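Engineer: Spelled out, the chains give:
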Amino acid sequence: MPFDVAATVVANLALSHDYNVLALDAPQIAEAAIPGQFVMVKAATGHDPLLRRPFSVFEILRDASGRATGLSLLVKRIGVSTGLLYDAKPGDTIMCLGPLGQPFTLVDAPADGWMVAGGVGLAPVWTLAEALVARGVTTTLFYGARRNDELFYLDFFRTLGVELVLTTEDGSGGEQGRVIAPLERALAARPADQPVSLYACGPEGMLAATARTAAAFGRPCEVSVERIMGCGMGGCYSCVVPMKSEGGGFHHVRSCIAGPVLDAAQIVWD
Amino acid sequence: MPFDVAATVVANLALSHDYNVLALDAPQIAEAAIPGQFVMVKAATGHDPLLRRPFSVFEILRDASGRATGLSLLVKRIGVSTGLLYDAKPGDTIMCLGPLGQPFTLVDAPADGWMVAGGVGLAPVWTLAEALVARGVTTTLFYGARRNDELFYLDFFRTLGVELVLTTEDGSGGEQGRVIAPLERALAARPADQPVSLYACGPEGMLAATARTAAAFGRPCEVSVERIMGCGMGGCYSCVVPMKSEGGGFHHVRSCIAGPVLDAAQIVWD
Amino acid sequence: MGTGQQAPVDLSVRIGSLTIANPVMSASGCFGYGVEYAGMVDLSTLGAVVVKGLFLKEREGHPAPRIVETPAGMINAIGLQGIGVHRFISEKLPELRERRATVVVNVCGTTVDEYAEVSRILSDAEGVHALELNISCPNIKEGGIQFGCSLGGTHDVVSAVRKVTSLPIIPKLTPNVTDPASFARAAEAAGADAVSLVNTFLALAIDIESRRPKISNGMGGLSGPAIRPIAVRMVYECRQAVKIPVVGMGGIMNARDALEFMIAGATAVQVGTANFVDPLIWNTIVSGIGDYLTRHGIKSVDALIGSVDMGKH
Amino acid sequence: MGTGQQAPVDLSVRIGSLTIANPVMSASGCFGYGVEYAGMVDLSTLGAVVVKGLFLKEREGHPAPRIVETPAGMINAIGLQGIGVHRFISEKLPELRERRATVVVNVCGTTVDEYAEVSRILSDAEGVHALELNISCPNIKEGGIQFGCSLGGTHDVVSAVRKVTSLPIIPKLTPNVTDPASFARAAEAAGADAVSLVNTFLALAIDIESRRPKISNGMGGLSGPAIRPIAVRMVYECRQAVKIPVVGMGGIMNARDALEFMIAGATAVQVGTANFVDPLIWNTIVSGIGDYLTRHGIKSVDALIGSVDMGKH
Ligand SMILES: Cc1cc2nc3c(=O)[nH]c(=O)nc-3n(C[C@H](O)[C@H](O)[C@H](O)COP(=O)(O)OP(=O)(O)OC[C@H]3O[C@@H](n4cnc5c(N)ncnc54)[C@H](O)[C@@H]3O)c2cc1C
Ligand SMILES: Cc1cc2nc3c(=O)[nH]c(=O)nc-3n(C[C@H](O)[C@H](O)[C@H](O)COP(=O)(O)OP(=O)(O)OC[C@H]3O[C@@H](n4cnc5c(N)ncnc54)[C@H](O)[C@@H]3O)c2cc1C
Ligand SMILES: Cc1cc2nc3c(=O)[nH]c(=O)nc-3n(C[C@H](O)[C@H](O)[C@H](O)COP(=O)(O)O)c2cc1C
Ligand SMILES: Cc1cc2nc3c(=O)[nH]c(=O)nc-3n(C[C@H](O)[C@H](O)[C@H](O)COP(=O)(O)O)c2cc1C
Ligand code: FES
Ligand code: FES
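Going down the list, the sequences are from chains R, E, U and F.
With the first letter of the first sequence counted as 1, position 264 gets the number 264 in this note's numbering; the numbers rise by one all the way through.
Quick note, this note's numbering runs 270 ahead of the 1-based positions in the second sequence.
Quick note, this note's numbering runs 540 ahead of the 1-based positions in the third sequence.
Quick note, this note's numbering runs 853 ahead of the 1-based positions in the fourth sequence.
Think of the hints as simulated: they come from the structure by calculation, not from any bench.
Do not rely on the hints blindly, as some may be mistaken.
Simulated crosslink set (DSS-like; lysine-lysine; CA at most 27 angstroms straight-line) [stated by the list, open to error]: (1) R:244 / U:783; (2) R:76 / E:359; (3) E:346 / E:359; (4) U:783 / U:839; (5) R:89 / E:359; (6) F:1152 / F:1096; (7) E:514 / F:910; (8) R:89 / E:346.
Bear in mind the structure is a predicted one, so any value in this text is a computation, not a measurement.
Whenever a hint applies, use it, and build me the whole structure from the sequences.
Structural biologist: Next comes the structure, spelled out in structure tokens:
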């Protein structure tokens, strides 16, 4: 059951001129959230902007005793609500509804967990990596960004024991190009009898490419899709994804309640 | 010529749970403003609330050398924009257009200047009192509020040398009742050959009563009227006041450009 | 007056033969089939749950993007994705019954016969309390608005459904016409128990970079607080034109807005877009209406409905 | 493309025989007679100054309150207060001429004859460049919208004015009808040089405490960004229906919004409510349009107008 919390902003860390991490005091949601779930956030008072916006749960914030006290969002500024979240100040109140949606399916060793993230698609990977590592799964993160200074939180993942494969579009960090290239090479190199599950989050094109690649190598793959969402609760039917139907054709599922994490093999990619 | 300034909030002093004084960094407007003029302020970014709101210039803020650096507004919270101004924080930016409108006509000694203010109607009185005192005019302020703790800035007026006649509705300060009662007594007591000009700002009922009283005693009276204003510049025709026409009847004037200060004797009071 | 201040206020209103406990309903298409919200909201506390529009058959609707936000509003072109009347009855209605929801089904059709057929099937199902006839959806080419934009079409759909059901029928009117009141009259004459309005305003938002519409279907329907002042006007006009109850909606965000519609003439209201912003809005609005009536010493909502004084100030 | 990126962009557009330097005009009733803003705005930099609606005689309009704010919009019922055509010519036109403003007068009437008479008088005055016929004001009982809500009335007013003037005439259409495009066609057939739309949407806001309308006249007209998506749709429809230019408006707050209207089909745009929020908006919009054209390598605005691709995504 989701909670709707008038969450207090406890910290707002600018990572760059368009990325920030917003920490919210929302213990109930944080306690309940599992990797891959999201929250619906209302950034403004008043009716403009009107609707809430969906954001993955990034970190779960905990006190010294390990109890969840809140959560943070990794936000990329692209429009009016993300602009308001970038400018939010500690003490501000933000309505936050969650946790919502279907989580990632966590594999078990001996399968490896390979995570593929592009840009702000890193957001759901924090909790996913933590959960996989906690299960003793060997993890790799294929992580691409525009520039080196937009590859965030590398130390966190290294400390956790996640192997990092980095790419940047301009070559200023890691390998130049898209993250799909090293992913393909790694899949090609992996013996068929060593199981591996893929998890991807990022731009639509990257998800489609990851799905294609996973299918080509016969590996299971879950993707976290991003659709424009009106409600996040299954009420508005705005967030649909076409899924393969038995016997051909497609049917639309609401990605807010059937997803956002979906089986890449079932999606009808354009 | 009015200026439109992206003014920085330099201070916000809460006087009570619904009154505050907001200091804005707007030197050009402050330099040009004369007593009775107002500014149009946009409290929100985004389109809700959409329109600016009119506020009298309260204080002119000056640096050590006496140069105007900004102005303050005395704000009573009654709705959405005044609520946003109550909550504004130093560093926030607020669009501020002004100075606008027709000022008070300043009398000269030997005439006395009597100011009549109800509630937030005190706002234009600060600069008016300063200007009258600077001309050597003997001044009295008849000032009414709901309760004693809503009679603000008494020390300022006392220090300036303004005589104070105070009333409160609940009798918790000054005389109990409305400010019109002591005003009537004072007018009745004043010899006809001692000139006095009246200046009133406050609720519509108080303005009408002041106008009636002034007329009954044959004294000139200017009132600062408050109408819902769309533009403050004469563009929308929303802010009209019916004024007596030669030969009977009335005509509507735009109180933003023909006022807000109007000759009480010319207004058609309901 | 004196006692009215103390006694608990009776918020019930009547729509034809149906009495609902309070005048606040979910708007069709904005609350799924109701069951989606059952984890957060006690469905029995709503005046009625109006479910998403249903055709005879399943429909997949338009591709995403299906909505775009606009100033104080949103445009949608879902294209009436839905599971069809049979799956609704077998998959959703049992849970709605169990949760003691008062259920109004929004009935769609591409032909007069389809409206009648869907209505007939629903009338035989247990737990459907009223039918709202969607003759006003701007987002599908066939059917819907083609009936709602013609007085004859409105009359035909309502009479056809009237013949097959004794459930209260509530044709839902479009605001995209010169005179909605004439459509309310046509619906009344054809045997409607109430009318509801407004459906969404036909609208277009263009991405200036791609020079294409922002939603896949091109045009869509505008809802939300932006349209409220127009919707209130239309509800007032319909209330003046007909004797049957008017169910008002369009941009209701809180109890004040709901009361504004009721004072304009709405016997009940529906809340659509606001539920997306605040899924816990139901209790806020219902209790806000109660508080207002208590504060004003009004004993029943009937005294409020249509009580606006349009005399000049 | 290559050179288009460097050369200064030509923003001029034609409305009948009139060429204006850029497509951005003030909307009638939202910029006074223009002269009120002359201290802040160089009036010659606007595509045109459209002045407040004028009857033959002076009018005092409705009592205050005349406006109320609504979500992302406002309702007004000014009641067409104005100084009449004769005082306009003697008191305002000389200053407008001196400031080299391109002047469009918004012409009002309670009868067809009054529209013709006011138009005739203005045609003889020096410095009036076009006439916008206000057949769509929702705020007065007589005249105005009674013509704008009937195809015959629209035709009659336009033909009558056509007989007495060679100035470009631009009937201003109401959005309060089922099919604005049919009115655009009627206006075109009667000899109009362009049509402008939208005027305001008939709307009502009620104070729930007093249960009376929030403005003195009861109903009024809704403007501002709230209505933009509906206005853009109507401009698109009219552009599809007629060959004469369409002047688009309704909630334009910035260059993006102006471009959206142009891409939908507007040859020029008008800005009303936004001027209240930002009186320096003119330069922002005009230069924003220029920047957009430069950035996209579009040499003239003509290539932009109506260029929306409504094909499915
Ligand atoms: C399940 C889910 C999880 C998400 N998690 C994150 C996250 O952790 N961090 C993050 O920064 N962003 C995340 N997003 C994307 C985020 O919701 C959008 O960036 C945000 O809604 C944009 O709001 P805005 O008001 O700033 O932009 P707007 O001004 O509303 O729009 C700007 C542009 O972005 C497009 N857009 C708007 N909403 C979306 C959307 N939901 N998806 C894709 N494009 C959109 C618009 O069409 C428009 O072109 C997530 C989206 C989903 C669906
Ligand atoms: C020339 C002038 C000078 C003013 N100076 C001051 C000042 O110095 N300090 C101050 O606190 N207030 C002043 N006011 C009043 C102030 O403008 C309003 O209180 C403000 O606009 C309310 O905005 P809001 O968004 O908070 O209220 P809203 O939410 O818009 O409205 C709340 C209620 O107040 C009414 N209202 C809205 N605007 C006005 C208005 N302009 N006049 C009267 N009633 C209104 C509305 O009808 C509504 O009932 C002045 C008004 C004028 C015309
Ligand atoms: C996403 C969405 C889907 C809708 N689907 C339907 C529908 O299936 N049937 C219907 O009659 N109205 C539908 N509507 C219209 C609403 O029921 C309602 O008439 C309209 O949104 C105005 O109310 P609001 O402003 O409170 O949302 C839909 C509206 C939205 C926003
Ligand atoms: C206060 C006000 C007064 C108006 N007066 C007139 C008028 O005299 N004549 C007219 O044709 N339109 C008038 N209008 C309508 C505007 O010209 C314009 O059509 C409408 O406001 C939509 O544009 P906007 O959303 O940019 O304001 C008026 C609008 C407002 C807000
Ligand atoms: S966002 Fe509303 S149904 Fe998915
Ligand atoms: S406020 Fe617009 S004319 Fe006075």
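Engineer: Each hint should be assessed against the structure and marked as holding or not.
Structural biologist: The hints, checked one at a time:
1. R:244 / U:783: At roughly 50 angstroms apart (the allowed maximum being 27 angstroms), residue 783 of chain U and residue 244 of chain R break the hint.
2. R:76 / E:359: The hint holds at about 25 angstroms.
3. E:346 / E:359: holds (16 angstroms)
4. U:783 / U:839: holds (22 angstroms)
5. R:89 / E:359: holds (11 angstroms)
6. F:1152 / F:1096: holds (22 angstroms)
7. E:514 / F:910: holds (19 angstroms)
8. R:89 / E:346: holds (25 angstroms)
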